[in-house]
Amino acid sequence: MEEKIIKQRKKRYVFLTVLLLAIVFITIFIPEKQNREQIEPEELLAELKDETRFFTTDEIAEKIIMEDPSLQLIDVRSPEEFEQYGLPGAINIPIENILDTEWTESLNQDIKTNVFYSNGTIYSSQAWLIIRRLNYKNSYVLKGGLNEWFSTIIMPKAPSSVEDDHAMDVYQFRKGASLFFGGAKGAVSDDTNETPKQVAPVKKKANHEEEEGGC
Amino acid sequence: MGPLIKLGAIDAGWELLIALLIGIAFGFVLEQAGFSSSRKLVGLFYGYDFVVLKVFFTGAIVAAIGLVFFNYFGWINLDRIFVNPTYLWPTLVGSALMGLGFVVGGFCPGTSACAAAIGKIDAMVFLGGIFIGIMIFAFGYPLFEEFYKSGAQGRVLVHEYLGISRGLFLFILTTVALGIFWLSVGVQRKNHHKNLKY
Amino acid sequence: METTKKKYMNPYLAGFLLGLVILASFFLSGQGLGASGAPKRLIVAAVHAIAPAFTENQGFFAHYLANGNPLNNWLVFMVLGIVVGGFFSGAIGGRLKLKIDHSPKITSSSRLWMAGIGGAIFGLGSAFGRGCTSGAALSAMSSFSLSGYITVIVIFGTGFLVAGLFKKFWI
Numbered sequence: 006m007e008e009k010i011i012k013q014r015k016k017r018y019v020f021l022t023v024l025l026l027a028i029v030f031i032t033i034f035i036p037e038k039q040n041r042e043q044i045e046p047e048e049l050l051a052e053l054k055d056e057t058r059f060f061t062t063d064e065i066a067e068k069i070i071m072e073d074p075s076l077q078l079i080d081v082r083s084p085e086e087f088e089q090y091g092l093p094g095a096i097n098i099p100i101e102n103i104l105d106t107e108w109t110e111s112l113n114q115d116i117k118t119n120v121f122y123s124n125g126t127i128y129s130s131q132a133w134l135i136i137r138r139l140n141y142k143n144s145y146v147l148k149g150g151l152n153e154w155f156s157t158i159i160m161p162k163a164p165s166s167v168e169d170d171h172a173m174d175v176y177q178f179r180k181g182a183s184l185f186f187g188g189a190k191g192a193v194s195d196d197t198n199e200t201p202k203q204v205a206p207v208k209k210k211a212n213h214e215e216e217e218g219g220c
Numbered sequence: 002m003g004p005l006i007k008l009g010a011i012d013a014g015w016e017l018l019i020a021l022l023i024g025i026a027f028g029f030v031l032e033q034a035g036f037s038s039s040r041k042l043v044g045l046f047y048g049y050d051f052v053v054l055k056v057f058f059t060g061a062i063v064a065a066i067g068l069v070f071f072n073y074f075g076w077i078n079l080d081r082i083f084v085n086p087t088y089l090w091p092t093l094v095g096s097a098l099m100g101l102g103f104v105v106g107g108f109c110p111g112t113s114a115c116a117a118a119i120g121k122i123d124a125m126v127f128l129g130g131i132f133i134g135i136m137i138f139a140f141g142y143p144l145f146e147e148f149y150k151s152g153a154q155g156r157v158l159v160h161e162y163l164g165i166s167r168g169l170f171l172f173i174l175t176t177v178a179l180g181i182f183w184l185s186v187g188v189q190r191k192n193h194h195k196n197l198k199y
Numbered sequence: 014m015e016t017t018k019k020k021y022m023n024p025y026l027a028g029f030l031l032g033l034v035i036l037a038s039f040f041l042s043g044q045g046l047g048a049s050g051a052p053k054r055l056i057v058a059a060v061h062a063i064a065p066a067f068t069e070n071q072g073f074f075a076h077y078l079a080n081g082n083p084l085n086n087w088l089v090f091m092v093l094g095i096v097v098g099g100f101f102s103g104a105i106g107g108r109l110k111l112k113i114d115h116s117p118k119i120t121s122s123s124r125l126w127m128a129g130i131g132g133a134i135f136g137l138g139s140a141f142g143r144g145c146t147s148g149a150a151l152s153a154m155s156s157f158s159l160s161g162y163i164t165v166i167v168i169f170g171t172g173f174l175v176a177g178l179f180k181k182f183w184i
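Residue numbers (the working numbering), protein chains in the order written: chain X, 6 to 220; chain Y, 2 to 199; chain B, 14 to 184.
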């Protein structure tokens, strides 16, 4: 009698084993869904309002000077404009070509810090929005664009008050940077032995991944 | 599409109530499975009771299969769920301590809470011990901080780490688990002739 | 032998239900189960109430205080639920009874000492491991986290390695 029950039970377990294996076997053929292409509109809006996508011109100048290998500048203006003037090391991806597969590899990656720029911030922000919509990571925007770049890095203005140490530091850095980028000579003539000031180490953008363990 | 709270389909205010309900279901299943008995739990390590192994792996596999199918049907976005980040060294040390604590104390935090609820005094003492252990960590944190944050690798998925597809990994995992289940029957039979259970 | 007296659920059925609970948890909130987070947060809240100046400057406490009340948390409520659910199940199964489980070879008090020491070791381990068996191992395994698989292998591996040393306390 007992033998019989055990046998029956065994049969049931063999059946369950086979069933489970069959189900799991199916999962092998389930294509990995590319959810990466989706980001919820609410989240996108929140990110848009959030300022963390911006790098200031000072931060970028510093990265270029320090030859930060993770920096990838992306010029989204037309090739003609890019030809005329572009930031050192930048690549040119005109905004109308941003979805071309040729660029997917450069844009969808998690090693480099992609920083978009245009003359202002309209085109670069549009590029950023499209890239974030695709949920590609590490995309940022140069705050103020090239206009800001010129007014802060290439031709920096001395702060009105010399008392403010921080403003002075920034100015000194910009003057050095200006020299580095071959900017207006006049701006640096008053003391030429000034070297680019090595300000605080590269600021890391916070990753919004949850920290806390599940348990 | 899930996760419902994260994607705003359910108001975040409901989160704690949902946590409570899920906790109730969790505690209920743990107790029903016999996890409120420490001797049953450690039976695994002495080869006389494999219920922990069975419940644990069946649960993990069922949930993993469910997640894969939910993802396929578009009901959940797997990129949006919490994946415990990998910190290699602290995880190795922490897990080794947990293994030791498990054999010495006979519970883990979840099962001790559930066992304490039905009046197991040893479970209540174990819970007290957990508080002491965490307090040691909390107050010693300045000492541990550097180590605690070492080996950070972020959100690493196991199948990506192994370079295989999610489905293939799941298949291998399930096959291994089923193999262990069938083997455990043999071991248990050897250790306990009369009490044969699958 | 003991196991035959009380009717526990079939382990595979229990495992299946457990899997559904984890799945529901992920579907609803995007996170899995957990238990050790609750004592962590209780400690933070208690110490904060006693010495707020200390907690705000110490990394561990400050981290858990960063988002408001540390007790207003998913994991804290989950553990409350575990207690309620466990009690409910014990009531159904007629297992509600104040008692100490221990091997006939050891006394109750040595069992309690072992439980306390084991709990402390486990608590310390769960702090280093960023979670315990339910969060860092079980739920992490279902979400395909590499960390979860490392955790489960090391917990059970260590368990088997040291089991021989503590045999007399259990069998």
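Careful, some of the hints might be misleading.
Derived contacts from chain B toward chain Y, CB cut-off under 10 Å, selection only [unchecked claim]:
(1) Q44
(2) W126
(3) V175
(4) F182
Listed next, the stretches of chain B that the computed footprint assigns to chain Y, with coverage defined by at least 3 CB atoms under 8 Å from CB atoms of chain Y [as the list claims (entries may be wrong)]:
(5) 21-28
(6) 72-85
(7) 127-140
(8) 151-161
No wet-lab data here; the hints were simulated from the structure.
Just so you know, these numbers come straight off a predicted model, no measurement behind them.
Ideal Cβ positions, reconstructed from N, Cα and C, are used throughout, including at glycine.
> Which hint numbers does the structure go against, in order from smallest to largest?
Replying inline: none
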